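According to this note's numbering, the sequence shown holds residues 1 to 137 in order.
One or more of the hints may lead you astray.
[Claimed, not checked] So the derived label-pair ranges between C-beta atoms look like this:
no.	residue 1	residue 2	range
1	Lys29	Asp113	38 to 46 angstroms
2	Asn37	Gly101	33 to 41 angstroms
3	Asp18	Glu79	25 to 33 angstroms
The hints are simulated quantities; they were obtained by calculation from the structure and are not laboratory data.
It should be emphasised that the depicted structure is a prediction, and the values quoted were computed from it without experimental measurement.
Even for Gly, the Cβ is constructed at its ideal location relative to N, Cα and C.
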Amino acid sequence: MHYEGILDTNLFLRYLHDGTEKDKKKFRKLVENALRNGTVFFIPSIVVIEMVYVLERFYGLTKAQVREVVESLLSLPVEMENLDVLLKALALYEEENLKFGDALILAYAKVKDIKPVYTFDRDFRKYEEAEVLSNRD
Numbered sequence: 001m002h003y004e005g006i007l008d009t010n011l012f013l014r015y016l017h018d019g020t021e022k023d024k025k026k027f028r029k030l031v032e033n034a035l036r037n038g039t040v041f042f043i044p045s046i047v048v049i050e051m052v053y054v055l056e057r058f059y060g061l062t063k064a065q066v067r068e069v070v071e072s073l074l075s076l077p078v079e080m081e082n083l084d085v086l087l088k089a090l091a092l093y094e095e096e097n098l099k100f101g102d103a104l105i106l107a108y109a110k111v112k113d114i115k116p117v118y119t120f121d122r123d124f125r126k127y128e129e130a131e132v133l134s135n136r137d
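From just these sequences and the hints, can you work out the full model?
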């Protein structure tokens, strides 16, 4: 697989929210070039993690809106690192009302079938994939 390059979080945020028209035009040109060349961009997991954080904390989007924005990236010529895990994490984040970091950890347990998740975090008590250790011992 030949990659056109790696897309950083700020490219998406400027395109979606607060970029100038010039910024948006540059992003569109990158996408058009990749489509023309039959290539894709690589998106590391950290880009999705940063996007979720910024969209929720700084732009005030709901979890459902954040999920929709991130999933919309898949309509672009991209390959997302750990796509199956990230999609599961986005679903857990919205549907179970989890913090995204917790949703990501739980998604790895579910998708990769690596259990249990050992934690002191009592928010994990309701998940069979987790073993909450007592912090009172």
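Hint-by-hint comparison with the structure:
{"no.": "1", "hint": "Lys29 / Asp113: 38 to 46 angstroms", "result": "holds (42 angstroms)"}
{"no.": "2", "hint": "Asn37 / Gly101: 33 to 41 angstroms", "result": "holds (35 angstroms)"}
{"no.": "3", "hint": "Asp18 / Glu79: 25 to 33 angstroms", "result": "holds (26 angstroms)"}
The structure agrees with every numbered hint stated previously.
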